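Engineer: Protein sequence lines correspond, in order, to chains A and B. Following the working numbering, the numbering of the first sequence begins with 1 at its first residue and continues without gaps. Following the working numbering, the numbering of the second sequence begins with 1001 at its first residue and continues without gaps.
Because the hints were derived from the structure by calculation, they are not lab data. Just so you know, these numbers come straight off a predicted model, no measurement behind them. Be careful, since some hints might not be right.
As the list claims (entries may be wrong) - One-sided excerpt, in silico: chain B residues whose CB lies under 7 Å from chain A: (1) 1097; (2) 1099; (3) 1104; (4) 1217; (5) 1257; (6) 1258; (7) 1269; (8) 1270; (9) 1274; (10) 1277; (11) 1302; (12) 1303.
Glycine included, every Cβ here is placed at the ideal spot set by N, Cα and C.
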Amino acid sequence: MMTEMKERTHMRTTISPRRGLLGMLTEVAFACGLIGLGFLVSWLFFLGR
Amino acid sequence: MIRRVWREDFRIIGYYTGLVTIGVGLLMLVPMVTSLVFREWASALDFAISAALALLVGYVLALVSHTKSTPGLTHAMVIAAGSWLVAMVLSGVPYMLSGHMKSFLDACFDTLSGYTTTGMFLLQDLDHISQGLNMWRHLLTYVGGQGIVVLALTFLIGSTGGAFKIMVGEGKEEKLEPNVRHIAVLIWRISLIYLGVGTVVLGAIAMANGIKPYLAFFHGAYIFMSAWSTGGFAPYSQNMLYYHSSAMEIASMVFFILGSFNFALHYAVWSGNRKEILRNVEIVSFTITVLTTFSLVCLALMQRGVYPNAVALFRRGFFQLISGHTTTGQSNIYARTFVREWGPLGMLATTIAMAIGASAASTGGGFKGLRMGIIVKGIATDIRKLLSPERAVVTGHYHHLHDNVISDGVVKGAAVIVVLYVLIYVVGAVVGMAYGYPMADALFESVSAGSNTGLSCGVTQAGMPTLLKIVYMLEMWMGRLEFLSVFTLFGFIATSFRSMRRRKAAV
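Please construct the entire structure, taking both the sequences and the accompanying hints into account.
Structural biologist: The following block contains the structure:
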């Protein structure tokens, strides 16, 4: 998180492009992991049939 | 609690509601341009008339009630709840002019369903509507997911002292930044970046599936807006079944899982705190409840031998379940096939998933994973207290952005909202049953409306009883705004009448 002081009382906070991209990839990886877990559960139920 | 309503109160509410209405009018220019691009002249005219009407109403309202006063918390709540109703009525005009609605109530049902990111619809002949109207349906759900009132106010009048209070009224109380304009800009920046990525990915998949390139772009945008805002609309009546594409389903699943995240979590992860995604109580609660309810679905479907292999079970079962759990409502199963094949246990598991819903301060509905996590942790803390020596100090914690102590007040606050959600689910189910629908169907549809999911087992259609439509609309509205602002609006109306009676008595 980049934090810069503009004036004494005004603080502006921005997300750097690199951190934003890494954040997006982390979120997508988590969603894919959850979907993968879903597939694993389906597969385990068929194995245990 | 206001004891008396003054003319200035009406001015503040009227002025800000007028600005939101102007925002709605400006938003209608997007589908109008879409219609012009596709040379749908009649549809473009519908949107031109509707936009002119919304701009006129908004301008007159803002002009007659012009004020420089800043809204207080009560005003903010009334503005949030009231603006959604005004936006619903004015946004229904192009629906009505399109000739695809049986009544204006049906048009209002569809627009409210869009704004609240529910995804139920009563629109007739969806497969033959104009691209402009399709854009409007998906745009409503996309804008509704981010919070229409705060969007209109922050971008039309810049930073306002009362805007954060209005944001609370819209159920997005996470304060990420000191300035509400920065919060709105951050939410919109994240959403627009994902909109670009999502449109390209889903559009490319649509193109690979044989849809013409220029249409594939629109399909990509529609499905993304529907997924990200956990709305559930699709350009064709068969919803996701239209595409017959597992790639499209998986990509859409990724986007609606991301859309169901708390905006504060997006902000934390995007600004470098990436471990938050594994520690956050909402995500932990969401993962546990998804896997538990999906296991119940698998059990039900395996008992009934519905799907021949694990891939089919995953593709239909997991998509439907997680679409319900994130309160999206996209579906790759026909409504009646779902009831017939999944049976009571499968339907019950999906109903539980929808009732719990997504994350707080997200585009999703339901009583939220955060509250579920807090209540479970609260119960665990109470059990630990009972098992510990009397003098021992036992405190419970939950992690949401930082470690928080579980106090009785926090647990009580979460429990009250959960009870209110359960209450609207039950009321909707009872009304459904009173009209003769089976209990499982009535409960499923009521939970779907109240949690802003939009999955249907076939109850929601243009021919359903009018009272049931109104009950579902109330459920969508209350569920989306998380009760507080709706109750404040009712209280404000009651106080206004009482004040009027007092003034008359004094005269």
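Engineer: Hints first: check each against the structure and report whether it holds.
Structural biologist: Here is what the structure says about each hint:
1. 1097: This hint is violated: residue 1097 of chain B lies away from chain A, its Cβ roughly 39 Å from the closest one there, beyond 7 Å.
2. 1099: violated, 40 Å
3. 1104: Violated: closest Cβ of chain A sits about 39 Å from residue 1104 of chain B, beyond 7 Å.
4. 1217: violated, 21 Å
5. 1257: This interface hint holds because 4 Å falls under the 7 Å limit.
6. 1258: Constraint on residue 1258 of chain B satisfied, holds at 5 Å.
7. 1269: Interface hint status for residue 1269 of chain B: holds (4 Å vs cutoff 7 Å).
8. 1270: holds, 3 Å
9. 1274: Interface hint status for residue 1274 of chain B: holds (5 Å vs cutoff 7 Å).
10. 1277: Because about 5 Å separates residue 1277 of chain B from the closest Cβ in chain A, which is inside the 7 Å limit, the hint holds.
11. 1302: For residue 1302 of chain B, the interface hint holds, since the closest Cβ of chain A sits about 6 Å away, which is under 7 Å.
12. 1303: violated, 11 Å
When held up to the earlier numbered hints, the structure conflicts with 1, 2, 3, 4 and 12 and fits the remainder.
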